[in-house]
Structures are given as C-alpha cells and as structure tokens.
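2 protein chains.
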Amino acid sequence: MDIWVLRLGHRRERDVRLTTHVALVARAFGCDGIILSGEKDDSVIKSVRKVVEKWGGPFKIKYERNWKKVIKRWSGKKVHLTMYGIPVDDEIKRIRRYKNILVIVGSEKVPSEVFELVDWNISITNQPHSEAAALAVFLDRYFSGKELRRKFEDAKVEIIPQKRGKKIIKLK
Amino acid sequence: MDIWVLRLGHRRERDVRLTTHVALVARAFGCDGIILSGEKDDSVIKSVRKVVEKWGGPFKIKYERNWKKVIKRWSGKKVHLTMYGIPVDDEIKRIRRYKNILVIVGSEKVPSEVFELVDWNISITNQPHSEAAALAVFLDRYFSGKELRRKFEDAKVEIIPQKRGKKIIKLK
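First to last, the sequence lines map onto chains G and C.
Residues in the first sequence are numbered from 102 upward in steps of one, following the numbering used here.
Residues in the second sequence are numbered from 102 upward in steps of one, following the numbering used here.
If you are wondering where the hints come from, they were derived from the structure by calculation, not from laboratory data.
If a hint is listed, it holds; no wrong ones were tucked in.
Identical chains share a label here; the pair holds if one copy fits it or two copies do between them.
In silico EDC-like links for lysine to aspartate or glutamate, alpha-carbon gap of 16 Å or less:
1) K267 - E217
2) K169 - E214
3) K268 - E217
4) K247 - D191
5) K178 - D220
6) K264 - D190
7) K264 - D220
8) K264 - E214
9) K257 - E154
Using the sequences and the hints given, assemble the complete structure.
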C-alpha cells in the first residue's frame with residue numbers, strides 16, 4: 102500500500118500554513134508521504150518533520166519542482182481533488198480497489214493539464230472550501246474511517262482522549 | 102435545525118486564509134452560519150460574503166469579540182473540536198440527536214475554560230492537523246454524508262461535475 106499526496110503550486114508568502122495543514126492532514130489521515138511542488142519552502146518541510154519526530158510516523162515529506170514528472174512517473178492511480186470533479190461517493194468504491202494512489206491537491210490555480218493527466222477528477226462537494234478539508238474527507242472515505250484510530254510508530258508523545266482537559270503522555 | 106460554528110482566536114496577520122477556509126467549510130458542509138472571534142477582520146467577512154453571493158446560501162457570518170458570551174448564551178448543545186477530546190465515532194450518535202449545535206474550533210491556543218463550558222470535547226484523530234479538516238470531517242459525520250450533495254439557494258453559478266475539465270453554468 103502506497104498512498105501519497107502531491108501538493109501543487111505552493112507559494113511561500115501566502116501558503117505556508119495551509120500547505121503545512123495539508124501535509125499534517127496527509128499524515129494524520131494515513132498517507133505515507135507528501136511531495137510539495139511550487140515554490141521551494143524549507144520552513145514547511147522542517148515544521149512537518151518536527152511533528153513526525155514528536156508524534157510519530159512513518160511519514161515522508163519532500164520537494165519536487167517538476168510536478169509533471171511526479172504525476173507521469175507515478176506507477177499507480179492518480180486522483181485529483183477539485184470542486185469541478187465527480188462526487189467522491191460516486192467513485193470511491195472503484196478507487197478503493199487500488200492500493201497505490203497519488204492524491205493531487207492544488208492551491209488557487211491548477212494547470213488544466215492536471216485534469217488530463219490523472220485517472221480521476223474527484224469533488225468533495227462542488228462548492229469552494231479548503232484543500233485541507235477536501236483531502237481529509239477523501240482519505241476518510243478511502244480508508245472507511247479506520248484511519249481515525251491509527252497508531253503511529255516511534256511517537257514520543259501520545260494523547261489519551263479525555264472528556265475535559267488535556268492528557269498527553271510521554272512514550273520515551 | 103440550527104448548526105453554527107464559532108471560530109476562536111482569529112489573528113489578522115497569521116490566520117486570514119485559514120479562518121476563511123474554516124468559514125467556507127462551514128458553509129459547504131451545511132452549517133447555517135459562523136461567528137468569528139479574536140481579532141476583528143473585515144477582509145475575511147467580506148470574502149466569505151462574496152462567496153455566498155456567488156455560490157448561494159443561506160449562510161451568515163458575523164463577528165463577536167466576547168466568545169464566552171456566545172458559548173454561554175447558546176441555547177442548544179456545544180461541541181468543541183480538539184485533538185485532546187473523545188473520538189468522534191464514540192459520540193456522534195448521541196450528538197446527532199440534537200438539532201441545535203454550536204461547533205467550536207480554535208486556532209493555536211484555546212483557553213482551558215472552553216473545555217469546561219461545552220457539552221462535548223471531540224477529537225478527529227488525536228493527532229495535530231487542521232481545524233478546517235476537523236470541522237469538515239465532524240460535519241460529514243454529523244450529517245451522515247448527505248451534506249455533500251446539498252443545493253444552495255439563490256446561487257448565481259453552479260458546477261456540473263465533469264470527468265475532465267470544468268463546467269460551470271450561470272443560473273441568473
């Protein structure tokens with residue numbers, strides 16, 4: 102099983118926190134890693150790696166300028182999340198048959214070529230909202246909700262769910 | 102039915118796009134409105150109202166400095182989304198019995214009082230990720246996925262889902 106995210110068109114000025122959120126969603130919802138494209142931004146990579154170090158993995162993050170190469174070389178299926186695509190619930194059973202998936206999320210402007218290079222263009226509602234939210238709901242559908250209880254390897258801390266307040270334990 | 106979001110601790114410098122995404126998720130996933138707290142920021146309110154004008158509603162957005170008053174005066178149930186809370190799938194059936202809900206999402210630091218003032222502290226994974234994603238998954242659970250096909254009133258445009266490319270039609 103190999104589920105990766107490709108984040109297109111990162112802009113250092115505007116997207117630092119959103120791209121970080123997209124990467125953290127990818128990790129928390131069970132992906133193996135994320136590839137960032139657009140402007141190179143070591144601060145995002147550093148802060149996501151810090152999260153992995155503290156909260157566990159495995160989860161990889163890397164940068165690749167040439168997003169087209171990433172899509173073309175991907176040996177499995179490719180799913181582009183876009184508000185213009187087919188509703189997720191119409192296609193998720195078919196997508197779930199495949200265990201090797203690249204999930205592509207854009208920022209504001211996505212080159213029209215992307216729509217042609219992928220196996221599916223999938224929408225999480227046909228309304229404008231958030232790539233972080235779209236990715237989370239897509240992965241939640243793909244993993245049938247089981248990812249919400251995933252355990253992470255080599256975590257230094259873990260949360261013990263509480264009705265009130267915060268309980269966080271050190272694991273090593 | 103009355104489902105609102107309360108966004109705590111907005112900071113003008115850092116949070117413009119994330120708060121906008123949280124508001125757009127609230128709208129796209131079926132809430133009636135959002136109350137922003139923290140620093141007052143007309144640019145977020147303006148851009149969300151522009152989306153409502155174009156893509157339809159009803160969806161309200163307003164600012165309230167005193168978040169405590171908002172929580173205390175809310176006549177229905179209050180759900181705080183936090184990575185420290187009880188997993189959503191353990192409580193969603195109970196929460197779904199109520200039709201009048203304030204969903205509270207914080208930004209980086211949430212005052213500990215919030216944990217005490219609410220009926221539920223609920224986690225969408227116990228991992229760090231994104232309030233936009235947490236809100237989307239919570240609402241998707243609450244509305245049982247039906248919100249993904251919601252139609253909006255008085256929309257000026259609508260997307261017709263496509264396998265490839267973009268199709269957007271003008272409604273008036």
